[in-house]
Amino acid sequence: MGASTTQVATSESTEKKPKKSRFSLHTRRDKVVLALLLGIPAAIHVFFVWVPALLSIVLSFARWDGIGGVEAIEWVGVTNYEQIATIYPPFWPAVTHNFIWLGFFIFIATPFGMFLAVQLDKELKGSRFYQNAFYVPVVLSLALVGFIWQLIYSPEEGLINNLLGRTDPENLIDWLGNPSINLYMILIAASWRHVGYIMILYLAGLKGVDPTLKEAAAIDGATERQTFFHVVFPVLKPINLVILVITIIESLRAFDIVYVTNKGTNGLELLSTAVTNNIIGEASRVGFGSALAVILLLLSLGIIIPYLWRTFRADEKAA
Amino acid sequence: MTTTAPDTKDKVDTAQVRAKWRRRGLQTFLFITAMVWLVPLLWAVYTSLRPYSSTAENGYVSIGGEYNFQNYIDAFTQGEMFKYFVNTLIITVPAVIFTLLLASMAAFVLARFSFRFNLIMLMLFTAGNLLPQQVIITPLYRMYLEMPLPSWLAESGIFYDSYFGIIAIHIAFQMGFCTFVLSNYFKSLPPDLNEAAFVDGASVWRQYWNIIMPLARPPLAALAVLQFTWIYNDFFWALVLMVSGDKRPITSSLQNLSGTFFRNNNLIAAGSLLAAIPTLLVFVVLQRQFVKGLTLGSTKG
Numbered sequence: 057m058g059a060s061t062t063q064v065a066t067s068e069s070t071e072k073k074p075k076k077s078r079f080s081l082h083t084r085r086d087k088v089v090l091a092l093l094l095g096i097p098a099a100i101h102v103f104f105v106w107v108p109a110l111l112s113i114v115l116s117f118a119r120w121d122g123i124g125g126v127e128a129i130e131w132v133g134v135t136n137y138e139q140i141a142t143i144y145p146p147f148w149p150a151v152t153h154n155f156i157w158l159g160f161f162i163f164i165a166t167p168f169g170m171f172l173a174v175q176l177d178k179e180l181k182g183s184r185f186y187q188n189a190f191y192v193p194v195v196l197s198l199a200l201v202g203f204i205w206q207l208i209y210s211p212e213e214g215l216i217n218n219l220l221g222r223t224d225p226e227n228l229i230d231w232l233g234n235p236s237i238n239l240y241m242i243l244i245a246a247s248w249r250h251v252g253y254i255m256i257l258y259l260a261g262l263k264g265v266d267p268t269l270k271e272a273a274a275i276d277g278a279t280e281r282q283t284f285f286h287v288v289f290p291v292l293k294p295i296n297l298v299i300l301v302i303t304i305i306e307s308l309r310a311f312d313i314v315y316v317t318n319k320g321t322n323g324l325e326l327l328s329t330a331v332t333n334n335i336i337g338e339a340s341r342v343g344f345g346s347a348l349a350v351i352l353l354l355l356s357l358g359i360i361i362p363y364l365w366r367t368f369r370a371d372e373k374a375a
Numbered sequence: 006m007t008t009t010a011p012d013t014k015d016k017v018d019t020a021q022v023r024a025k026w027r028r029r030g031l032q033t034f035l036f037i038t039a040m041v042w043l044v045p046l047l048w049a050v051y052t053s054l055r056p057y058s059s060t061a062e063n064g065y066v067s068i069g070g071e072y073n074f075q076n077y078i079d080a081f082t083q084g085e086m087f088k089y090f091v092n093t094l095i096i097t098v099p100a101v102i103f104t105l106l107l108a109s110m111a112a113f114v115l116a117r118f119s120f121r122f123n124l125i126m127l128m129l130f131t132a133g134n135l136l137p138q139q140v141i142i143t144p145l146y147r148m149y150l151e152m153p154l155p156s157w158l159a160e161s162g163i164f165y166d167s168y169f170g171i172i173a174i175h176i177a178f179q180m181g182f183c184t185f186v187l188s189n190y191f192k193s194l195p196p197d198l199n200e201a202a203f204v205d206g207a208s209v210w211r212q213y214w215n216i217i218m219p220l221a222r223p224p225l226a227a228l229a230v231l232q233f234t235w236i237y238n239d240f241f242w243a244l245v246l247m248v249s250g251d252k253r254p255i256t257s258s259l260q261n262l263s264g265t266f267f268r269n270n271n272l273i274a275a276g277s278l279l280a281a282i283p284t285l286l287v288f289v290v291l292q293r294q295f296v297k298g299l300t301l302g303s304t305k306g
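Those sequence lines, one after another, are chains G and A.
Going by the working numbering, the first sequence runs without a break in its numbering and finishes at 375.
Going by the working numbering, the second sequence runs without a break in its numbering and finishes at 306.
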């Protein structure tokens, strides 16, 4: 951090020198190279990510089944949004489920991951083993997590029902098929991975805390709990923020595990699956799918922009 | 001890005993939780080692009958998993290499030179990587159907349903995170490096390729491992942007595989574990790099 501060400072001071800025010292070839070094990656990123993001907004005001070229696009104003809010059955369940997902992660999975990190940071005997156990699921894809948990939830062959002795058709529990419980079952499976992810990030943050802080608190007679909440937690503010943002973004991104389970239907509707089902179903509804995507985009940017603004501005101020 | 020890000694003793018990309680809690955490994987391993006939006869929760690796052999051959692993390799290797190359280029310029738009550019890269994939998929899908590719690059003649298209979107999407991480790293390198090189008359390209890049080996290695895992694990791009099932990478084809195995849980378990092997290897062999890559983004080096 210190190094970066001085670096920015020097480059700024060189820039302010009258006329003789650093850039004028570069040869023309250097300038071209600089432009290409930044320009090529930027062009690729903008073209494949931001152009489609903007087109999502444009197309959300259109009706287009994708058949027939661009001429077949019919501009319909906000009709898509109106229909989404009023007559599109999966929409409100999807919004609700995304928020339940978010609530479950923020209030249960993420705090539990942080809690585990704090316990593991005490480096008790066997910490290494525990850490590994929590961390294995993090390398697996969420699609794979879905399959692995199907072996546990499956009604007749699954672990839980077999342990409970409820595998007969009359008394079996359909963990993933019953719309009043399946979302929570999926959330448990998704948390299996999320908790480990948060644990790794937070543990890295905890390792970076100056140990003398904790020692000082202990000398002052603070309990472990007090030390954590009054000393460590505030020091870790930047990491806490990263973890909060990751938790929110992961909740908005949730897709794979639900899609492999039942394609986001029957109690598992999500915004992400709603978008997808509008383009890879039989009827490709470009405008409608785009409008759903815009809602997801606004929710995401509502988190991303304030966060990045804060982070990068803080950096700039430090410089 | 009882005769000589004053009150304070007793107090210290009880405090120590308490701390000891608390420690033991924590140990027990962590042990049980860790065991619970391992159950899903161990259950998959156990199920995968038993022939279907054996579980059908004794039930899934049972001991006894045969144990062998036949499910793995069947899953691998019936599911034609070798093909999907090759597909994954075709996508993942170039995607990781070009993601790192392009991100390092952008990060070099953004971190080592001051432009007016540095901050905005960095925000653009980072924000792009944080977007849910579904936000851009609808127009991207249409764009992929319209954009031509020469036939030597793609059988389909367009970006859609081509390896090139999948690699391209991985690069574009992952580049954001890598640019963010690398630019933080480059900023932490001493500024004199540039100055000295500049005085020596080294061109910008030489500063990038011969001076900065060799110093960036540690974060590049960490990011390579992380990106390999993420791209390997991606389910979505190939699901939507590829129509030919037999071109898809392993993660996206899992669903077809489970269809092929027709609700034979023993085969599904074996197939899932086979698909997990490369990332489990990362876990065992390259754990350090993986964790470093993850935390580089959150702790800023």
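Hints were generated in silico from the structure; no laboratory data involved.
Heads up, the beta-carbon is just placed ideally off N, CA and C, and yes, glycines get one too.
One thing to keep in mind: the hints can contain errors.
[What the hints assert, rightly or not] Chain G residues, not near chain A, derived (Cβ > 10 Å throughout):
#: 1; residue: Ala141
#: 2; residue: Thr142
#: 3; residue: Pro149
#: 4; residue: Gly159
#: 5; residue: Phe190
#: 6; residue: Glu213
#: 7; residue: Tyr253
#: 8; residue: Ile299
#: 9; residue: Asp312
#: 10; residue: Ser356
[As the list claims (entries may be wrong)] With the C-beta cut set under 8 Å, the calculated list includes, among others, these residues of chain A facing chain G:
#: 11; residue: Gly30
#: 12; residue: Gln32
#: 13; residue: Leu46
#: 14; residue: Leu47
#: 15; residue: Trp48
#: 16; residue: Thr52
#: 17; residue: Leu135
#: 18; residue: Ala173
#: 19; residue: Ala201
#: 20; residue: Leu259
#: 21; residue: Asn261
#: 22; residue: Leu279
Results for each hint:
Ala141/G, annotated as away from the interface, keeps every beta carbon of chain A farther than 10 Å; the closest lies near 19 Å. Under the 10 Å C-beta cut-off, the non-interface status given to Thr142/G relative to chain A holds; the minimum distance is some 21 Å. With 10 Å as the threshold on Cβ separation, the claim that Pro149/G sits away from chain A holds: the shortest Cβ distance comes to roughly 16 Å. Under the 10 Å C-beta cut-off, the non-interface status given to Gly159/G relative to chain A holds; the minimum distance is some 18 Å.
At roughly 6 Å, the least C-beta separation between Phe190/G and chain A is not larger than 10 Å, which violates its mark as non-interface. For Glu213/G, the condition that its CB be more than 10 Å from all CB atoms of chain A is violated, with the nearest at approximately 5 Å. Non-interface call for Tyr253/G relative to chain A: violated, since the shortest CB-CB distance, roughly 8 Å, does not exceed 10 Å. The Cβ of Ile299/G does not lie farther than 10 Å from every Cβ of chain A; its closest approach is about 8 Å, which violates its non-interface assignment.
With a least CB separation of 4 Å from chain A, Asp312/G falls inside the 10 Å interface cut-off, contrary to its annotation. Distance check for Ser356/G against chain A: the nearest CB is about 6 Å away, which does not clear 10 Å, and the non-interface claim fails. Interface hint at Gly30/A: violated, since its Cβ lies 11 Å from the closest Cβ of chain G, which is beyond the 8 Å cut-off. For Gln32/A, the shortest C-beta to C-beta distance to chain G is roughly 6 Å, which falls under 8 Å, so the interface hint holds.
Annotation: interface hint on Leu46/A holds; nearest CB of chain G at approximately 6 Å, less than 8 Å. Proximity of Leu47/A to chain G is violated relative to the hint, the smallest CB-CB distance being about 10 Å (cut-off 8 Å). Look at Trp48/A: its Cβ gets to within about 6 Å of chain G, closer than 8 Å, so that hint holds up. Because the smallest distance between the Cβ of Thr52/A and any Cβ of chain G comes to about 6 Å, under 8 Å, the interface hint for this residue holds.
Nearest Cβ of chain G to the Cβ of Leu135/A: about 5 Å, under the 8 Å cut. The hint holds. Using the Cβ-Cβ criterion of 8 Å, the hint placing Ala173/A at the interface with chain G is satisfied: the shortest such distance is roughly 6 Å. Look at Ala201/A: its Cβ only gets to about 13 Å from chain G, farther than 8 Å, so that hint breaks. For Leu259/A, the suggested interface contact is upheld, since its CB lies about 5 Å from the closest CB of chain G, less than 8 Å.
Contact between Asn261/A and chain G, as hinted, is not supported at the beta carbon level, the nearest pair being about 11 Å apart and thus beyond 8 Å. At about 10 Å, the closest approach between the beta carbon of Leu279/A and any beta carbon in chain G exceeds 8 Å, and the interface hint on this residue is violated.
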